[in-house]
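Engineer: The primary structure of each chain is shown beneath.
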Amino acid sequence: MGFQAHPTALVESESIGEGTRIWAFTHVMPGAVIGRNCNIADHCHIEGGSVVGDNVTVKNLNMVTEGVTLEDGVFVGPHVVFTNDRYARSPRGGHAGSRYADKASWLLPTVIRRGATLGGGSVILPGLVVGEYAMVAAGCVVTRDVPPHCLLKGNPGRPGGWVCFCGLPLVAAGGEARCANCGHQFEVTQSGVTPLGGPT
Amino acid sequence: MGFQAHPTALVESESIGEGTRIWAFTHVMPGAVIGRNCNIADHCHIEGGSVVGDNVTVKNLNMVTEGVTLEDGVFVGPHVVFTNDRYARSPRGGHAGSRYADKASWLLPTVIRRGATLGGGSVILPGLVVGEYAMVAAGCVVTRDVPPHCLLKGNPGRPGGWVCFCGLPLVAAGGEARCANCGHQFEVTQSGVTPLGGPT
Amino acid sequence: MGFQAHPTALVESESIGEGTRIWAFTHVMPGAVIGRNCNIADHCHIEGGSVVGDNVTVKNLNMVTEGVTLEDGVFVGPHVVFTNDRYARSPRGGHAGSRYADKASWLLPTVIRRGATLGGGSVILPGLVVGEYAMVAAGCVVTRDVPPHCLLKGNPGRPGGWVCFCGLPLVAAGGEARCANCGHQFEVTQSGVTPLGGPT
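Chains as they are written, first to last, in the working numbering: chain G, 897 to 1096; chain E, 897 to 1096; chain C, 897 to 1096.
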């Protein structure tokens, strides 16, 4: 079966999983790795050196930069901004050119853990980890690591509550929190929330 | 006469009004409705289930999402972020898939009223109404309904004054406000401004 | 030799310098001026009336608007938002149409000085100057002129330190500041920093 690509898409990678769909005017570069059953919408650019897991949704107008990993089940809204260089300069200018001779001196990785959501127009600074099932609100600028299941909003991003696997807000009471939608329960500690019960 | 489309545009809707122009690398999906005398710039995606009125300007790099209505005369700057799901997850993951079986359980509408402006890079959260002739500043994140003629700026967006039909700021004095540019007068009350005089 | 363009790029300008590369799905309009040895990435739109110097890097998904000047060695991250009208309305509506009869009544210039960086997703309000070797952080909304070598972050953007020619932060002590990376020294005054020593 393989993957499906719109006639206007440019697909130059050979590592694209079965059932994945690539939409119009999207460019997948050599060296990009994309898993199975993903949806990569229009006007995206998936750069070599990025890794996309299975069941990932990438909405329109996204550039997934070298060094970015999107684990299984991640949702990337439209216009999300990934970065990979904390002190970016044009490598063509005279002052920073030597810094770009070796990737180890400038390239910082970004990891978006399993099931997390990056809201439309959010900005992810380089070198950060967004935890499992976290939810970055639309327009949020992420400047620190995000704990699992954390809702982050604002510029700079600040925690604004906790969310379930399904994305809905958790209601906390005592040392526990519960999803009114699907019933999952979590232990609440100072460092965050941890799912209770069996595997998810 | 009909509409005009750039040779690289993909136009799959049959509901596009006379005199409208669609520019390069733009994709209009089946089921999108676009009125007359609009300008839809390069690298846009107009999704099925969105409605664009007459005389609307949509600048470059915009995704007009399902559920968005842009009334007559609206201006959408470049890189505006529309959203339609408050708790978005990848529908391909195991935890939120059932929520996406029925649009009524996740799809929230957005309405941008007649003559309003969405500044470049602004972000519009789902389920909101931006009032007539409001002006959302560049980079503003809109988290609540915006009153008519209101200038909104910041993240989250906060009111920062009032603007005329023409877009210029109103000068308030006593219970009235006036546009120095075109002379329109408005009554100022606690809930907002209301145009005085005849129809506009 | 001339410049190189990807087969899907649309290049309608005749003013593109030697060694410059234009990538996929990018549209360079008639009247745009681009210098030598630049890199213009995928899904960009370079509008007529914009000027790009030599050795400039423009990452993906950028619209370089009429009235924007990018001087030599500038770095523009992905999704940067340029603007050129402080009171934008749809020129097709009835209320603001006359304002658009003459460019002098609405078009404001933007100048990004030599060697400066505009971080991914930053938003530049119209009529501003970003100084030489300044660094605008990712997601920052620039509402005032930015001094040379200044690091700006937040919405609205506020100064957060000083950076070297090479992009790395300066360490200030007494009335001087120094780059730990490349050794450049600067005088620190109330109005900003000034490089010491010979030409750079």
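Just to be clear, a hint being listed does not mean it is correct.
[As the list claims (entries may be wrong)] Calculated Cβ distances over 10 Å to all of chain C for the following chain E residues: (1) D950; (2) D968; (3) H975; (4) P987; (5) T1013; (6) D1041; (7) C1078; (8) V1084.
[Unchecked claim] Part of the chain G face toward chain E, derived, beta carbon under 10 Å: (9) G927; (10) V970; (11) F971; (12) Q1086.
Calculated directly from the structure, the hints in this document are not laboratory data.
The C-beta atom is built at its ideal place from N, Cα and C for all residues, glycine as well.
Engineer: Decide, hint by hint, whether the structure agrees.
Structural biologist: Hint check:
Taking the minimum C-beta to C-beta distance to chain C, about 8 Å, the non-interface status of E:D950 is violated against the 10 Å cut. The claim that E:D968 lies off the interface is violated: its Cβ sits roughly 7 Å from the closest Cβ of chain C, which falls inside the 10 Å cut-off. E:H975, annotated as away from the interface, has a beta carbon of chain C within 10 Å; the closest lies near 5 Å. Every Cβ of chain C is farther than 10 Å from the Cβ of E:P987; the closest lies at roughly 24 Å, confirming the non-interface assignment.
The Cβ of E:T1013 sits about 5 Å from the closest Cβ of chain C, inside the 10 Å cut-off, so the non-interface label is violated. The non-interface label for E:D1041 is consistent with chain C: the shortest C-beta to C-beta separation is roughly 20 Å, beyond 10 Å. Taking the minimum C-beta to C-beta distance to chain C, about 8 Å, the non-interface status of E:C1078 is violated against the 10 Å cut. Every C-beta of chain C lies more than 10 Å from that of E:V1084, the closest at about 20 Å, which supports listing it as non-interface.
The interface hint given for G:G927 is violated, since its Cβ lies 23 Å from the closest Cβ of chain E, which is over the 10 Å cut-off. Given the 10 Å rule on beta carbons, the hint for G:V970 holds: about 6 Å separates it from the nearest Cβ of chain E. This hint holds: G:F971 has a C-beta 4 Å from the nearest C-beta of chain E, less than the 10 Å allowed. The beta carbon of G:Q1086 comes no nearer than 25 Å to any beta carbon in chain E, farther than 10 Å, and the hint placing it at the interface is violated.
Of the numbered hints stated above, those contradicted by the structure are hints 1, 2, 3, 5, 7, 9, 12, listed in ascending order.
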